[in-house]
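Here's the letter readout for the chains.
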Amino acid sequence: MTEATPGQTVGPFFHHALAFPGDSELVPFGSAGSVVLHGYVYDGAGDPVPDALIEIRQADAAGVVPSTGGSLRRRGARFTGWGRCCTDGAGHYWFSTVEPGLPFFAVTVFARGLLDRLFTRIYLPGASGAVDGLVAAREDDGRLRFDIHLQGPSETVFFKFPRT
Amino acid sequence: MTTSQHEISDEIAKIQADTPTGAPLLDFAPYRSTRLRHPTKEFQQVDPEGAELLAPVFGHSDVAAAESDLTIGRGGEPIGERIRVHGRVLDGDGRPVRRQLVEIWQANAAGRYSHQGDQHPAPLDPHFTGVGRCLTDDDGWYSFTSIKPGPYPWRNHHNAWRPAHIHFSLFGTDFTQRLITQMYFPGDQLLALDPIAQSITDPAALSRLIATYDHSRSEHEWLLGYRWDIVLTGSHATYLEPSDD
Chain Z
2 MTEATPGQTV GPFFHHALAF PGDSELVPFG SAGSVVLHGY VYDGAGDPVP DALIEIRQAD
62 AAGVVPSTGG SLRRRGARFT GWGRCCTDGA GHYWFSTVEP GLPFFAVTVF ARGLLDRLFT
122 RIYLPGASGA VDGLVAARED DGRLRFDIHL QGPSETVFFK FPRT
Chain D
870 MTTSQHEISD EIAKIQADTP TGAPLLDFAP YRSTRLRHPT KEFQQVDPEG AELLAPVFGH
930 SDVAAAESDL TIGRGGEPIG ERIRVHGRVL DGDGRPVRRQ LVEIWQANAA GRYSHQGDQH
990 PAPLDPHFTG VGRCLTDDDG WYSFTSIKPG PYPWRNHHNA WRPAHIHFSL FGTDFTQRLI
1050 TQMYFPGDQL LALDPIAQSI TDPAALSRLI ATYDHSRSEH EWLLGYRWDI VLTGSHATYL
1110 EPSDD
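Chains as they are written, first to last, in this note's numbering: chain Z, 2 to 165; chain D, 870 to 1114.
Isolated chain Z (complex conformation):
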């Protein structure tokens, strides 16, 4: 295998390049069958991380992972199964999406001060075979909540994959 190009931090100045209108709305907010997946990103002191970038990749409600273009210009596009959200000043991220027909959202995490991307998963509540600690909570209003801790006693489980 050829040696891979190393990663580097996303740095502090990515917002004007990577954010785009509708980036975190895989389906329109409030549309029929939609759900909000949201949470906060924290550092090792429990402080919010206001300069993180979260991306999710997922199956549609029927369990099919779409190979459909159009994520960057969503108006009128079909469900693409991919979204991106920059955390706000409170470290908050959110997506408007559908509950995948497969048990988890695949997640990548980037941030200033984080020298390479991190991979994790967010499982649906009640999913069988979920990795401990990676299950979203169902809030009273129906939203799915999952906080990401880069470090500390509640540190999120991050993954490595074969061949990465």
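No wet-lab data here; the hints were simulated from the structure. In this text, all values refer to a predicted model and were calculated from it rather than measured experimentally. All C-beta atoms in this analysis are idealised placements derived from N, C-alpha and C, irrespective of residue type, glycine included. Some hints could be false.
Quick list of in silico lysine-lysine cross-link-like pairs, DSSO-like style, CA-CA up to 30 Å [as the list claims (entries may be wrong)]:
#1 Z/K161 with D/K883
#2 D/K883 with D/K910
#3 D/K1017 with Z/K161
A few chain Z residues that don't get close to chain D, going by computed Cβ distances all over 12 Å [as the list claims (entries may be wrong)]:
#4 A18
#5 G34
#6 S35
#7 V36
#8 G70
#9 C86
#10 H93
#11 G102
#12 G127
#13 G143
#14 R144
#15 R146
#16 D148
Based on the hints, put chain D in the right spot on chain Z.
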């Protein structure tokens, strides 16, 4: 703030002697902002499944051809040294990553980002936002026309300067190949001093982030060419090679 470059360089040298690695060390104290942002637990090894096996797909409905030229569309010529950066995106088995999204962002020629968080007292360029996108072609080639970014100061330590760089965001065929990195320029004396670049403690691996000057792509009385190839990690679908390849 009072830490000197000499002290930072000493810290870097000690870590590099102990742990040469091809990927950046996440726990890399010379880059001060890593202190509370690096995971401390071992990563859990898992086999990719479901959505992890398939990267998002982008097409011409996502990206306009003009987005690969950062020097146009802003009402005038940006100031600086006009460059073209081109290269191929390959997977870990050397196969081209086709028709996939490449996103870049960078400072202007004065070392200033068009971003409200950048307080460096260098001029903004009204004709330059420093943001571009393109799709790789059927052989994995990408190309951007831009301005050579300037180095800029940051507050990691006293008199800290980032080497000139362009941020690159890349996707492969698998979600697990996702990469965000930085491309550097050849001969930059600031690279050896930079805790972000030097977090890749194996010099051979760091060299893979440095473009080469490519005179064959320089254009007479117009611009200078640079070549930078990008290799993603391995795909998990190697054995599913389509028969029409």
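Here is what the structure says about each hint:
Of the pairs offered as hints, the one joining Z/K161 and D/K883 holds, with about 27 Å between alpha carbons and a cut-off of 30 Å not exceeded. Taking the CA atoms of D/K883 and D/K910, the gap is near 23 Å; set against the 30 Å cutoff, the hint holds. A C-alpha spacing of about 35 Å is found between D/K1017 and Z/K161, which places the hinted pair above 30 Å, so the restraint is violated. Listed as a non-interface residue, Z/A18 fails to keep its Cβ farther than 12 Å from every Cβ of chain D; the least gap is roughly 3 Å.
Every CB of chain D is more than 12 Å from the CB of Z/G34 (nearest about 18 Å), matching its label as outside the interface. With a closest Cβ-Cβ approach of about 18 Å to chain D, Z/S35 is found to remain outside the 12 Å limit, as its non-interface label requires. No Cβ of chain D comes within 12 Å of the Cβ of Z/V36; the nearest lies about 16 Å off, and the non-interface call holds. A cut-off of 12 Å between C-beta atoms contradicts the statement that Z/G70 is not in contact with chain D; the least separation is 3 Å.
Consistency note on Z/C86: stated as away from chain D, and its beta-carbon is indeed over 12 Å from all of that chain's, at 14 Å minimum. Residue placement check: Z/H93 keeps its beta carbon more than 12 Å from all beta carbons of chain D (closest about 17 Å). Here Z/G102 does not stay apart from chain D, with its beta-carbon only about 9 Å from theirs, under the 12 Å limit. No beta-carbon of chain D is positioned within 12 Å of the beta-carbon of Z/G127; the least distance is around 17 Å.
In this structure Z/G143 is separated from chain D by more than 12 Å, as the shortest Cβ-Cβ distance comes to about 22 Å. With a minimum CB-CB distance of about 20 Å to chain D, Z/R144 clears the 12 Å threshold, and the non-interface call stands. With a cut of 12 Å on Cβ distances, Z/R146 stays outside the contact zone with chain D, its closest approach being about 20 Å. With a least beta-carbon separation of about 14 Å from chain D, Z/D148 lies farther than 12 Å from that chain, consistent with its non-interface assignment.
In summary, the numbered hints that this structure violates are 3, 4, 8 and 11.
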